[in-house]
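Visitor: Single-letter residue listing:
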Amino acid sequence: MRQTARIISTYTADVSGVNSALFELGGMTVMHDASGCNSTYNTHDEPRWYDHDSLVFLSGISEMEAIMGDDEKLISDIVSAAEQLKPRFIAVAGTPIPMMIGTDFKAVASVVEKRTGIPAFGFATNGMHTYVEGASMALAGIADRFVTEKMLKTQDISVNLLGVTPLDFSVNGSAAHLRTVLEKYGIMTVSNWAMGDDLDTLMQASSAHVNLVVSDAGMGAAKVLRERFGIPYVIGRPYGNWTATLVNSIRKAAETGEDQVPQVAREWASAVIIGEGISAVSLANALTSETGRAFRAIAATETERVVLGASDRIARDEDELLPLLNGAEIVIADPLYQPICPKDAHFIRLPHEGFSGRIFRDEIPDMTEDISYITRQLA
Amino acid sequence: MLKRMGGEVDTTGAMVPIKNADFPAPFKSELEYSCSARGTWNIVHTGFLVPEAHEIFACAAGCLRGVVLTAAEMNAQDRFSTIEIRENNVLEGDMEDLLIEGVTDILQKLPYKPRAVLLYTSCIHHFIGCDLPLCYARLRERFLDIDFTDCYMNPIMRKSGLTPDQLMRRGLYALLKQRDIDKNRINIIGNNIATDKDSELIRMLEQAGYTITEIHDCHNYDAYQQMASAAFNICYNPVGKAGGEALEKRLGQKLLYLPLSYQPAEILAAYEKMTKALGMEMPDLSAETDALTAALRHAKEVIGETPITIDYTATMRPLSLARALLEHGFNVTALYIDSFSGEEKGDLAWLQAHFPELPVYATVQVKMRVLPRETCEKTLAIGQKAAYFTGTPYFVNIVECGGYYGFSGFCKLLALMEDAFLHEKDTRKLIQIKGLGCGCV
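Order-wise, the sequence lines are chains H and Z.
So the first sequence is numbered by our numbering: it starts at 5 and just counts up by one.
So the second sequence is numbered by our numbering: it starts at 131 and just counts up by one.
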């Protein structure tokens, strides 16, 4: 029987991914939901909630509004809040019940935009996918709507960092570290999507030579920017010395205009990493190249096949994961995966905000420049 | 970089002087903000009060997230499992199969056999017309030695009929099976937080020869089942009342609803109602009333004119508390309440007549996200939300009255106020812990 979890956690959902991606951009995000999504998001998914007053709200849809298909209540409430708070843009994202009643989010956004004069987006999330899909949708929306001007390229080779949210990078300095590490290799960062840079900075994205997609949350924006401005993308997250390979791919992409997905040849291995697709694959590449031992990745969130190496797999629930963990000698994963891992496997804790939320936040390492947090545990 | 939003936002729509507050809803129903105070319990915390029970939630991943991590933060993952509903289930309408086979799959994989399963269904089951009676019937056929009960995570129903919180507190006792009534046993029901054992409520009953049980006292399922033999159920929490009514109907246990109050006359009236129903003689409570008078005087001496703010999560009767404090000279300066309960109607009228300008703030109104969360002078907050919105480190960290009932309960609350006034707390850290008192870390 699939879709059951005897004991493990579940990833943050698409609707939280929308919120997380847009959090620092000065907009107002509305989750069209009865209740629950708001406290889940701001308790477990959003480490910035206490200190930063980003506008993320809940519609509070009731049974009668759902039965009667009363979109006007949603629209007028959004318009009222926007008039009070004057956000830079408005995003409306869905949850299970709006999906069941067929809420047309693009139409809702269109009416809101007409009434307020504020750019509005409708995202048909439904709470049934992981944050990766929602965040990707949201960042693609920003790219599509706000990155419209073809700007002169920067003099030095430069990138936009696509797919940076606390759900994959936590709040331990990793997000800012991406920029400084790339600088050491002579690669400038035009914009970070979306931690640390504001909407005006993101609007300069067309001046970058390459987009570096550091998590699957950046894939949607990468495709929009490629289509509109011909900016090639490189898929991979900087980890330790693996960053040098990524940088070579960035230079190659800038030179050829072709997308790059660098991989280390990795055979089926007894050392396994579970996590977000691009992060897990990148870490497998980094560990394999630094240690000489093969690692394989299990992407537990939605990812594109192109991201995966030959030995990597996608698995969404316990039934899919268990066969892939058979015989594993080393497992690197969030601590909440440990109960389903082979008892005799060497389990290395790698907490992931998108999976265990705030529980192990203090343990989340910044491995952007140095992966010894893992390698010393392998010794 | 991150910027504080809002700029020149005023309090219109987010605050109303109490004289203008409509009953029961002083604010418009609009978009909702959720602040960082997390001490109130949710349905996961409450469900775990049933000993030896396993919780299974069936819903979409987005809805599972919060409950799964609630269980994880309680370090109770081994008592918690999930069934994830996906788009194909909605489209194919195989919700009954998913539920029956999913629960079966989980129970077959569990390393232990739970005595009971709390099965939580969601808004999706409600809207799709899932045949829940059929599901429970099949599961009971398959697992003869496990008790199943229906629980709900369907917040879309929170504005119609019983709220999910009321349903959960009713569900807590739904597993009790009829047994012979023991006229010497009384339950206290409906609370997430156990009643303080020093309460004169418990003392009076024990002195009269009754055995008093709350679900918190039950360390195994058999002890829990013994609650079915009580002759009376006492409930003082408004959201627990529906559970008491259900037990009266199903098991014949008489409900004594004695709502929490901070008014001495109301406390005495509740005890008179109780003693009359039980055929007891009303004890002399003058020592308790004198103690309360002294505690009020002492607290006033310590706290003086310091502004006091109160929120609805600290106690089920925030207006009753505000009234009592104002009557004794305390400087209550703001209330944080989104709606008023029926029990508070008289207190609302009194406050409107005597302190008409007292501000009532919504906690969920969107402007509360950006309005300043600070006060220019030392402020004592009662409750986590009041502490958050006033930015004070001086606060009483309780939810649901902290289990403090009656005269002794009010005395203990006053002592907590004094302590909070004298000692700073780490507000940021404390209020973000979920389910205060349930063992979350």
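Wrong hints could be hidden among the right ones.
Stated by the list, open to error - Here's a subset of chain Z near chain H, in silico, CB distances under 8 Å, partners left out: (1) V139; (2) P154; (3) S159; (4) Y163; (5) S166; (6) R168; (7) G192; (8) C193; (9) E203; (10) M204; (11) A206; (12) E217; (13) D224; (14) L228; (15) I236; (16) L408.
Hints are computed from structural coordinates only; laboratory data are not their basis.
These numbers were taken from a predicted model, which means no experiment stands behind them.
Ideal placement from N, C-alpha and C gives every residue a C-beta, glycine not left out.
Visitor: Should the hint that Z/C193 touches chain H count as held when the rule is a Cβ pair under 8 Å?
Guide: 6 Å, holds
Visitor: Does Z/G192 pass the interface check with chain H, least Cβ-Cβ distance below 8 Å?
Guide: 3 Å, holds
Visitor: Would you settle whether the hint for Z/P154 is holds or violated, based on the nearest Cβ-Cβ distance to chain H being less than 8 Å?
Guide: 16 Å, violated
Visitor: Against chain H, is Z/V139 within 8 Å by beta-carbon distance?
Guide: Hint holds; Z/V139 Cβ to chain H Cβ min 7 Å, cut 8 Å.
Visitor: Taking the closest Cβ pair, is Z/R168 under 8 Å from chain H?
Guide: 6 Å, holds
Visitor: Regarding the hint that Z/E217 lies at the interface with chain H, is the smallest CB-CB distance below 8 Å?
Guide: 5 Å, holds
Visitor: Should the hint that Z/L408 touches chain H count as held when the rule is a Cβ pair under 8 Å?
Guide: 39 Å, violated
Visitor: Let's test the interface hint: is any C-beta of chain H closer than 8 Å to that of Z/M204?
Guide: 11 Å, violated
Visitor: Does Z/A206 pass the interface check with chain H, least Cβ-Cβ distance below 8 Å?
Guide: 11 Å, violated
Visitor: So, Z/S166 near chain H? Judge it on the closest CB pair being under 8 Å.
Guide: Hint on Z/S166: holds, closest Cβ of chain H at ~5 Å, below 8 Å.
Visitor: Quick check on Z/L228 please, does its C-beta sit within 8 Å of some C-beta on chain H?
Guide: Holds. Min distance 7 Å.
Visitor: Restraint: Z/I236 near chain H, CB-CB cut 8 Å. Satisfied or not?
Guide: Result: holds, 5 Å to nearest chain H Cβ.
In this structure, the earlier hints numbered 2, 10, 11, 13 and 16 are contradicted, and the remaining ones agree with it.
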